Amino acid sequence: MTRILLVEDDDHQRLLYREELEEEGYDVVEACTGHEALARVENDRPDAVVLDINMPGMDGLHTLARIHDLNRCIPVVLNSAYAAYKDQFVSWIADAYVTKSSNLDELKCAVRGVLARRTVS
Amino acid sequence: MEGTIDLQGLLHAILTCVTAGPGLGFNRAALFLADDDRRLVATMAIGPATPEEAQAIWARLASEQKSLDELLYKPHGEDCTSGFQGLLAGLAIPLAEAAAPGGIPTSAGTRPAAKTPAGLNPLAEAYRTRRIVRIGAGASLDGLPPSLREALHGTEAVCVPLVAKDRCIGVMVADNAFNRKPIGEERTRVLQLLGLLAGLALDNARIYEQVDRQAKQLRETLDALKSTQEKLIHSERLATVGAVAARVSHEIRNPLTTIGGFAGMLRARPQDRVRVERNAAIIAEEVEKLEALLKEMLDFTSPRPPTLAPTDLNLVIGALADVHRAELNVENVALVVEGNDDLPPVQADPHQLQRVFLNLWRNAVQAMRETPVDREKVLTIRTRHDGDAVKIACADTGEGIPPDALLRIFTPFFTTRPRGTGLGLALVKKIIDDHNGNIDVQSKPGSGTTFTITLPVGRLRP
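Sequence lines, in order, name chains A and B.
107 is the number that our numbering gives to position 107 of the first sequence; each next residue is one higher, with no gaps.
Remember, our numbering sits 121 above the position in the second sequence when you count from 1.
I should point out that these hints are in silico values taken from the structure, not numbers from a laboratory.
All of these numbers come straight from a predicted model, not from anything done at the bench.
All C-beta atoms in this analysis are idealised placements derived from N, C-alpha and C, irrespective of residue type, glycine included.
A few of these clues could be false.
[Unchecked claim] Pair by pair, the computed Cβ-Cβ distance ranges are: (1) VAL369/B / GLU22/A: 29 to 35 Å; (2) GLU459/B / ARG72/A: 37 to 43 Å; (3) VAL369/B / ALA65/A: 27 to 33 Å; (4) ASP555/B / CYS73/A: 24 to 30 Å; (5) GLU24/A / THR428/B: 54 to 60 Å; (6) ARG496/B / CYS73/A: 23 to 29 Å; (7) ALA39/A / HIS472/B: 28 to 34 Å; (8) GLU22/A / HIS472/B: 24 to 30 Å; (9) GLU24/A / GLU409/B: 43 to 49 Å.
[Said to hold, decoys possible] Here are a few chain B residues that face chain A, going by a calculated C-beta distance under 10 Å: (10) SER356; (11) GLU398; (12) ARG399.
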């Protein structure tokens, strides 16, 4: 079963994404902070990461760089309410960038996309 | 005449004095003023150009029987010049020729004026020597431009320098081209005197014009500065609006995403009762968040002025502590209130001050959320009387504020938190300012932050 690590500090949104991703047939593991996310990457070996950017403590972009240091092969989808972070060069090492929306199709589509590319390569 | 500052009006007045019957009664007169290019420029002339015109004007003047005063104070806009003006329009006589050699026998005042020699420019001569130069009938005027030469041909005329202080500013030419009346010594003397007065008056008018021009330039510069300033203020406002828009759109997008997402789930699985109830509750909570955000925005953008009343701050803080102590306990924060017993009342709006304290406490709780487990979370409120003021200190044992952020914490929309509007402390500062008070912050990263509010003990109304 494909495992997705969901990193999101907002409780309601974490619940929403979890249920939607589980519906897609993924095994979802959660993290509320960047530090927790790093621990999950090492321990749970996810196939892809959905990563929020604005979080207390270590933010998503910082976390992204650390995940990249740990394991370059795990694809990361940045998922933020801000479109502006797309222009920050750290965002470029992410495999996809999704601006948060009540329509979750874009997020699901991005997750499918990064997983497909990973399988090919 | 010396008091006149309108240049055109003054020129006309001078020429009228020279030509009017009740004045000096010359047939024609013209004023030439020196310009910056060392030229005498025909500026204004009065009198007819032809004998026929002369006849017509004299006939009209004879029937009108006007006094000099009446002639001088013609209403503005009435055509006060005539044919002579047309003859001389646009004429400029170079002054450089005034230095022409040849011992010019000029004469002024009481001495009999000499006739100018052939080829000389009598206007330039009068200008250079500052003396009256007479032009005899039939004098050769080769030095003059053809139009002026023709106008003065065969007539006796006088060129009067217009002297102001220590310099010559122009020349007036007067003649009797039509009635051929000889120009006597007496007339010449009066004309010279008039030239002196006219020179002074013209100089005043020019200086005034210059001052007026400079004043106008200053006004224009000031206007330009004002408009630049307004543009700056406008663009600064736009920048603020931009910051607000970015912040607000993000703050709105998060709850909207959640609301929309759970609403979608409701629609997909309406029969799952447990989930329907949970999702509806989540949606309600997120809507509350949006409403709170809206309220905060409105409070900040259109705050009401404080309604001041004698207020016992110990009472305000005590009541607030009773209401919120439980919430603070949930966060494992101990609330310690140390109220000074001798605290005088201050002129304040208790509701607005409650907002201030609540905002500060909420900040403190957030700052202490990330404190290490072994450190105690304590929020201490101390009040004390200090001279003419009351001081309230709110101290937490939280993470502290980094020095670079400390300078900006009261700036609207500045925030160090991922979920913050950046309006809380800005509103605190605004309310304290409205109370003529002061708020100070001291922070040590890693050990805590203390906000100190100073409110003046105003004179209380009985």
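Going through the numbered hints above, which ones does this structure break? Give me the numbers in ascending order.
2, 4, 6, 7, 8, 9, 10, 11
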